[in-house]
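Novice: Here's the letter readout for the chains.
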Amino acid sequence: MSRAEPALAWNFETDTTLIRVLAQNAEVFPDRVAMREKDKGIWNQTTWQQLLEIVLCCAAGLEELDFKAGDVMLVLGDNRPRLYAGMLAAGALGGYAMPAFPDATLDEIRHFVHEAGARFALAEDQEQVDKILDLREQGATIEHIIYDDPRGLAAYANPGLISWDTLQAKGAELVIRNPNLRNELIARAQPEGPAVFVHSSGSTGKPKGVVLSHRNLLAGVRNAYRGGAFQFGESILAYLPMAWVGDFAVTMGAGIALHFTINIPERQETVLQNLREIAPTFYLAAPRSWDNLLTTIQVRMEDSSWLKRLVYKFFMALAISAEKRKLEGGQPTLKQWLLSPIGEWLVYGPIKDQFGLTRLRGAFTGGEAMGEDTFVFYRALGIKLRQLYGQTETSAYNAIQDLNEVRLHTVGRPLPGVDIRISDAGEILVRSGSVFSGYFKQDEATRESLEDGWLHTGDAGYLEPDGHLVVLGRLSDIVHTAKGERYIPNYIENRLKFSPYIKDAAVLGSGRDTLSAIICIDKEAVGLWAELRGISYISYADLSQKPQVIALIAAAVKHVNSALPHGLQLRKFVCLHKEFDADDGEITRTRKIRRNVVEERYKPIIDAIYGHQNTVLMKAKVSYESGEVGVIERTLSVQEA
Amino acid sequence: MLFRQAGIFHTDYSADRALFPIPADRWMIGILLLLALAAPIYMNTLYLSSYLLPWLVWTAGALGLNLILGWAGQFHLGYAAVMGIGAYAAVHATRAGIPWEIAIVLAGITAAVIGSVFAFAALRVKGLYLALSTLALQFVMDWTISHVPAISGGTQATLQAPDIRLLGWAVTSDAGLYYVALVWCVLVTSFMLNLRRTALGRALVAVREKDYAAAVIGVNSFYFKLVAFATSSFIGGVSGAILIGTFYHAVTPEQFSVDVSIQALAMVIVGGLGSIIGSYFGAAFILLMPGVMNSFISWAATKFGFSLGIETLAHLPQAFYGALIIGFLLIEPLGLGKIYNNIRDYLLVWPFGYTKK
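The listed protein sequences correspond, in order, to chains A and B.
So the first sequence is numbered by this note's numbering: it starts at 1 and just counts up by one.
So the second sequence is numbered by this note's numbering: it starts at 1001 and just counts up by one.
Treat the hints loosely; a few may be bogus.
What the hints assert, rightly or not - Not everything, but these chain B residues come out facing chain A in the computed CB check (under 10 Å): (1) F1020; (2) E1254; (3) W1350; (4) G1353; (5) K1356.
As the list claims (entries may be wrong) - Restricting the straight-line Cα-Cα distance to at most 27 Å, the calculated cross-link-like pairs of lysine-lysine (DSSO-like) are: (6) A:K441 - A:K523; (7) A:K523 - B:K1303; (8) A:K313 - A:K335; (9) A:K546 - A:K578; (10) A:K483 - A:K546; (11) A:K384 - A:K335; (12) A:K572 - A:K206; (13) B:K1126 - A:K313; (14) A:K572 - A:K546; (15) B:K1126 - A:K578; (16) A:K40 - B:K1356; (17) A:K558 - A:K621.
Keep in mind the hints are simulated off the structure, nothing from the lab.
Ideal Cβ placement from N, Cα and C applies to all residues, glycine included.
Work out the full structure: start from the sequences and follow the hints.
Specialist: See the structure below:
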């Protein structure tokens, strides 16, 4: 199966560093493509040899700017080859590369920068440079700002601003002048040294800084390889936010160690087209992205001609029922077996082709739990979607489902090299070479979560007798109704989100008699639905309160209720006048819901639901980009499900 | 559903501008080429030399006319005359002992020269007036050919064309003649396919859309119209010469009369202006449909037992054939090529309704 020659490539040694493995790649296959970046219509390629040169020149240039071991470099921008190279260079010098979400607000970044005392920043373009300059005005310690795209920056005279090209030229000069520098730079970083500095997602509080060493990262990659997550030489699309550990662990960790071809999309908006062009062999996405893709498919089918829709519905229903039988351990019926090749040719193949999913060998969802219906949908399409379970603290890889052993409720077996046990409180504990050594400057938090090398994940779960791990949800998430029914809001929310019309949902009911939900409609899907039926609306808020839309959502809620035990059925729901927004703190940047924020902000709604009112006047404070603060009033209707 | 597009990416601009980036298209063309090459093996000689061969030559001719009509947007009602010039030039040249390979090039050049000399005068007018002046070319040529015995060999005369000799080898077998036609048709097709990605092709399209708008952005519209006339006349001239060499084997003025001009025009319009695959469909439709209609009606008459007079039997196919042309153009005014493209687009976005963004 493996295309590459493992004997020549990385031999799963963890006593090394990313830059050393990169140098090894450059030596063994100098001319093989390491990175492709789409720019002005074509994919520009960078070989392993060229990538090593770029990283070394960058490292030499950074050192000239007095970047020392232990320094922190903030990395701000979308996925760009140069940003990746800059992160590798910082790691090679023993410094911390600290990626942040490019759409993060200033407050969030300021928190990171202050805590870490970052002296360097690597920015993608003018927009990000402006942010960093603002931070500096507010007293941040950033001295040097390196920028990738010079557009719009020619007139900036701020001190410490230097373009990537200048830095490269400077570095190249140093590398040529001093022939020993190359080898010295490659050898300098130590396996225990920092490879990357990311932040945990922080769904339960402020994000905490997590430093992963080269050893952690490579151990994680080794474990995942042995667990069958990927092979040598996969082709991937690097589109995940760089600040999410999943991106660094796949794109840089596995990407370098297993010499992947790393394809970088032109822009965030073109990811879907670029995905189709590249047709990667390995694809990791958050459940959110899989859900979004599913919604896109459903919306576009809704907008298709009746014949195509008929064919689609017939074959999808067939495949989904066949897949469900298979997951329950059964065999497909004769009809399903006979019709599946026709379905593949008519429906599944073309849909996979439209989104570039035809070559996938490894398709993964990770980061949080995925709705069962979404999961089954993709499996039915013939995409071998599997769950991956991991945390920022464990370099992303803990457990994966085996290709032939996928069960809906488990996340598969722990990876080879990963020990998992369950604490008395029902918490999942992990011990592995990939577990980090402590939170950045938070000794107390470190003591709480690391005990004798065992990481307290904060997730509740149990091991099945045959070794499969079941993750129930966040320990803090498991709640009880007043009648003592135990439930996990996330589970019900995911069921709700399978409806294309529901983008987000928050299930309420902790300590109450019954459950209810706050629902955010999906603007695109509901908008099209309304358009096709001639329902006029002026805004998201307006659309969300249309009686027809509420009836539509009520039908979706009823559908979910039909599969829930009586005590856990949703009794009431409210369509919210806005979507949950990471800028408002209702969800994290990786789109996990922040329950405490939602419950606090929408207290009037919750009170109305449980106070048996039919409507609720919601006053919302809105802060505009100009800094003004306004108040929006909306009457929302409380609906019986 | 047939056209899979995942995994097609380009690392340089020349690959980005490839003619057929989608593998399914390349497969289809490859298979069609193989079928065309193997045709003498599986097809009987009657079909090969009386249907397939003239279809290929006429397709090449229609492509030439499409260049001036579909690309440059200029009317041409005298295309058969241009083909005739080529045919007579080639026959006279070979009779004078010039090798056939050179003779057909001479035929093309003669047609191109006469065609563009005429265009000099004709291009001073536009639209319907241009149509009429090209019609004049047709009548002038008809008259000249039949009234100058040196060309026609005398009034009502038929001029025998010598056998084709390629590099000294006589080509007389049906298969050999078929391959000559095939090579010419493939050559013209690949020229036309590439035309759309050249500066010339883009200039022609600019002229077609609006000649003075093209002039505003620096395209010398008169020059490009002239080039279009010359190029299309060259293709027409060579096609005429090959038609005589491979199919008719003798040349008479009636073979290139005004009816034939109209027929060539019908091929392009039924096939689709500016469509290459349309020219294939158009030529097939105009050439083969009358025969198909004929046999269909005779078959239907015997099958369902209604008797038709000789008169009706002769005219009914013509009526049906005319109705078919009108029908197709009503369904899709841009011709058969556009119908093909509609089907292709339908399959390209399958199972969705349309492409997004």
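Novice: Taking the numbered hints from earlier one at a time, note which ones the structure violates and give those numbers from smallest to largest.
Specialist: 1, 2, 6, 7, 10, 12, 13, 15 and 17
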